[in-house]
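Start from the sequences, fold in the hints, and give me the full structure.
There are 2 protein chains.
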Amino acid sequence: MNEKLTESLENYLETIGMLIKKNKIARVKDISKELNVKNSSVNIALNVLADKGLIIHEKYGYVELTPEGKKIADDIQHKEDVLLRFFTEILGVDKDIALKDACRMEHTISDETLAKLIFFIGKVDKESSFKKAIQKNMKG
Amino acid sequence: MNEKLTESLENYLETIGMLIKKNKIARVKDISKELNVKNSSVNIALNVLADKGLIIHEKYGYVELTPEGKKIADDIQHKEDVLLRFFTEILGVDKDIALKDACRMEHTISDETLAKLIFFIGKVDKESSFKKAIQKNMKG
DNA sequence: AAAAAATGTTAGAATAATATAACTTTAAAA
DNA sequence: TTTTAAAGTTATATTATTCTAACATTTTTT
Numbered sequence: 001m002n003e004k005l006t007e008s009l010e011n012y013l014e015t016i017g018m019l020i021k022k023n024k025i026a027r028v029k030d031i032s033k034e035l036n037v038k039n040s041s042v043n044i045a046l047n048v049l050a051d052k053g054l055i056i057h058e059k060y061g062y063v064e065l066t067p068e069g070k071k072i073a074d075d076i077q078h079k080e081d082v083l084l085r086f087f088t089e090i091l092g093v094d095k096d097i098a099l100k101d102a103c104r105m106e107h108t109i110s111d112e113t114l115a116k117l118i119f120f121i122g123k124v125d126k127e128s129s130f131k132k133a134i135q136k137n138m139k140g
Numbered sequence: 001m002n003e004k005l006t007e008s009l010e011n012y013l014e015t016i017g018m019l020i021k022k023n024k025i026a027r028v029k030d031i032s033k034e035l036n037v038k039n040s041s042v043n044i045a046l047n048v049l050a051d052k053g054l055i056i057h058e059k060y061g062y063v064e065l066t067p068e069g070k071k072i073a074d075d076i077q078h079k080e081d082v083l084l085r086f087f088t089e090i091l092g093v094d095k096d097i098a099l100k101d102a103c104r105m106e107h108t109i110s111d112e113t114l115a116k117l118i119f120f121i122g123k124v125d126k127e128s129s130f131k132k133a134i135q136k137n138m139k140g
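Chain order of the listed sequences is U and B.
Under this note's numbering, the first residue of the first sequence is numbered 1, with each subsequent residue one higher.
Under this note's numbering, the first residue of the second sequence is numbered 1, with each subsequent residue one higher.
These are computed hints drawn from the structure, not numbers from a lab.
It is possible that some hints are incorrect.
[Unchecked claim] Computed cross-link-like contacts, DSBU-like style, restricted to lysine-lysine with a CA-CA straight-line distance of at most 35 Å: (1) LYS100(B) with LYS71(U); (2) LYS21(U) with LYS70(U); (3) LYS21(B) with LYS100(U); (4) LYS100(U) with LYS126(B); (5) LYS70(B) with LYS38(B); (6) LYS52(U) with LYS38(B); (7) LYS71(U) with LYS126(U); (8) LYS33(B) with LYS100(U); (9) LYS52(B) with LYS126(B); (10) LYS95(B) with LYS59(B); (11) LYS126(U) with LYS22(U); (12) LYS22(U) with LYS52(U); (13) LYS123(U) with LYS38(B); (14) LYS38(U) with LYS38(B); (15) LYS4(B) with LYS71(U); (16) LYS22(B) with LYS52(U); (17) LYS70(U) with LYS29(B); (18) LYS33(U) with LYS4(B); (19) LYS52(U) with LYS95(B); (20) LYS70(B) with LYS95(U); (21) LYS71(B) with LYS4(U); (22) LYS4(U) with LYS71(U); (23) LYS33(U) with LYS21(U); (24) LYS70(B) with LYS4(U); (25) LYS126(U) with LYS123(B); (26) LYS95(U) with LYS4(B).
[Said to hold, decoys possible] So the derived list for chain U, only partly shown, Cβ under 10 Å to chain B, looks like this: (27) ASP94; (28) ALA98; (29) THR113; (30) LYS116; (31) PHE119; (32) PHE120.
[To be verified] The calculated label-pair distances, taken between Cβ atoms and stated as ranges, are: (33) THR66(U) with VAL37(B): 31 to 37 Å; (34) ASP51(U) with ASP96(B): 31 to 37 Å; (35) GLU3(B) with SER41(U): 19 to 25 Å; (36) GLU7(U) with GLU127(B): 32 to 38 Å; (37) LYS59(B) with LYS21(U): 42 to 48 Å; (38) GLU89(B) with TYR60(U): 22 to 28 Å; (39) SER8(B) with ASP51(U): 22 to 28 Å; (40) ALA50(B) with LYS24(U): 49 to 55 Å.
Predicted model, so just to flag it, every value in this text is computed and none were measured.
All C-beta atoms in this analysis are idealised placements derived from N, C-alpha and C, irrespective of residue type, glycine included.
Put into structure tokens, the structure is as follows:
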């Protein structure tokens with residue numbers, strides 16, 4: 001069990017988590033709009049996620065995350081947040097571009113690299129010598 | 001024209017470029033071994049790449065890169081190199097893990113973010129204040 | 001040079017992700 | 001409350017990537 005999800009399924013889970021956080025509920029329509037796919041594609045993905053025990057979805061009803069599904073959704077969201085912060089705050093990448101990059105890389109960064117990146121960002125926040133040099137990077 | 005390649009096709013191109021650099025020639029067998037796929041899968045991918053004008057592949061012959069194909073292969077390899085350096089030299093990630101991460105992220109990092117990352121790595125190399133703090137990160 | 005081994009190719013099947021089109025159910029309007 | 005609109009579902013098809021198995025060609029051995 002616990003086999004790695006595909007990038008597509010991870011995106012569905014993450015989107016569901018985001019919608020629940022934002023609107024309290026997640027509907028098929030909102031998921032398809034967010035991911036730029038058709039309702040039928042969402043349905044197929046939801047069936048797969050339900051089979052894996054990551055969501056609950058009664059016919060014609062809202063979509064809910066199981067505890068396990070929520071854990072995965074939160075994990076991916078966290079990776080996105082870390083990458084986004086690194087790209088924007090430290091590298092000085094434009095926010096839109098940084099977000100797109102983060103949304104793609106969040107599926108491939110390893111836990112080890114993520115941990116090092118988090119540690120690095122923390123260091124930068126604390127050490128003023130870092131910050132000064134980083135300001136220069138922002139302009140380039 | 002110039003439509004974005006799939007991650008799979010990018011990997012084939014990059015591998016072909018690497019093999020040519022290493023062995024002067026690239027054979028189906030070596031590509032399949034490198035990418036852990038079957039010869040038949042390689043053949044199908046080679047047909048697609050040949051259709052796109054990125055490689056030259058005569059039946060039962062070696063695989064060659066066209067100038068356009070070489071450009072793409074080099075570009076991906078460059079992205080991998082930059083990511084690998086960042087992960088190992090600045091974040092202090094274990095080399096094997098860093099390489100795996102770089103090999104996946106090389107397909108998704110944008111040119112903008114890559115440019116900022118290159119600039120950042122250059123800065124780190126020059127500024128000693130950076131280096132000191134980074135040594136600490138390596139231990140964590 | 002003939003036989004055997006290695007390499008390369010093609011045909012057919014499987015999985016994953018998506019789409020379109022037809023249909024069903026639920027929600028909203030008249 | 002009936003009709004209409006919106007949302008959700010299912011069936012069928014397409015594309016991409018891979019596989020296995022059968023077949024072809026090339027290379028190596030004997």
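Going through the hints against the structure:
1. LYS100(B) with LYS71(U): 24 Å, holds
2. LYS21(U) with LYS70(U): 11 Å, holds
3. LYS21(B) with LYS100(U): With a Cα-Cα distance of about 33 Å, the restraint between LYS21(B) and LYS100(U) holds, given a limit of 35 Å.
4. LYS100(U) with LYS126(B): 30 Å, holds
5. LYS70(B) with LYS38(B): Holds - the C-alpha atoms of LYS38(B) and LYS70(B) are around 23 Å apart, at most 35 Å.
6. LYS52(U) with LYS38(B): Measuring from Cα to Cα gives roughly 29 Å; hence the hint holds.
7. LYS71(U) with LYS126(U): Holds - the C-alpha atoms of LYS126(U) and LYS71(U) are around 29 Å apart, at most 35 Å.
8. LYS33(B) with LYS100(U): 33 Å, holds
9. LYS52(B) with LYS126(B): Violated, at roughly 42 Å.
10. LYS95(B) with LYS59(B): 38 Å, violated
11. LYS126(U) with LYS22(U): 32 Å, holds
12. LYS22(U) with LYS52(U): 24 Å, holds
13. LYS123(U) with LYS38(B): 45 Å, violated
14. LYS38(U) with LYS38(B): 34 Å, holds
15. LYS4(B) with LYS71(U): 33 Å, holds
16. LYS22(B) with LYS52(U): Roughly 44 Å separates the two Cα atoms, so the pair is violated.
17. LYS70(U) with LYS29(B): Status violated; Cα separation ~43 Å.
18. LYS33(U) with LYS4(B): Judged against 35 Å, a Cα distance of about 23 Å means the pair holds.
19. LYS52(U) with LYS95(B): 33 Å, holds
20. LYS70(B) with LYS95(U): At roughly 31 Å apart (the allowed maximum being 35 Å), LYS95(U) and LYS70(B) satisfy the hint.
21. LYS71(B) with LYS4(U): 33 Å, holds
22. LYS4(U) with LYS71(U): Roughly 14 Å separates the two Cα atoms, so the pair holds.
23. LYS33(U) with LYS21(U): 16 Å, holds
24. LYS70(B) with LYS4(U): 33 Å, holds
25. LYS126(U) with LYS123(B): 19 Å, holds
26. LYS95(U) with LYS4(B): Given pair LYS95(U), LYS4(B) holds - Cα atoms ~22 Å apart, limit 35 Å.
27. ASP94: 7 Å, holds
28. ALA98: 7 Å, holds
29. THR113: Holds. Min distance 5 Å.
30. LYS116: Since chain B brings a Cβ to about 4 Å from LYS116(U), closer than 10 Å, the hint holds.
31. PHE119: 5 Å, holds
32. PHE120: This hint holds: PHE120(U) lies near chain B, its Cβ roughly 5 Å from the closest one there, short of 10 Å.
33. THR66(U) with VAL37(B): 31 to 37 Å: 35 Å, holds
34. ASP51(U) with ASP96(B): 31 to 37 Å: Given about 33 Å between the Cβ atoms, the range holds.
35. GLU3(B) with SER41(U): 19 to 25 Å: Since GLU3(B) and SER41(U) have Cβ atoms about 22 Å apart, the given range 19 to 25 Å holds.
36. GLU7(U) with GLU127(B): 32 to 38 Å: The hint (32 to 38 Å, Cβ to Cβ) holds, given that GLU7(U) and GLU127(B) are roughly 37 Å apart.
37. LYS59(B) with LYS21(U): 42 to 48 Å: Taking Cβ atoms as reference, LYS59(B) and LYS21(U) lie about 56 Å apart, which means the hint is violated.
38. GLU89(B) with TYR60(U): 22 to 28 Å: Given range 22 to 28 Å: violated, Cβ gap about 54 Å.
39. SER8(B) with ASP51(U): 22 to 28 Å: The hinted range 22 to 28 Å holds for SER8(B) and ASP51(U), with Cβ atoms some 26 Å apart.
40. ALA50(B) with LYS24(U): 49 to 55 Å: At 52 Å between Cβs, range holds.
In this structure, the earlier hints numbered 9, 10, 13, 16, 17, 37 and 38 are contradicted, and the remaining ones agree with it.
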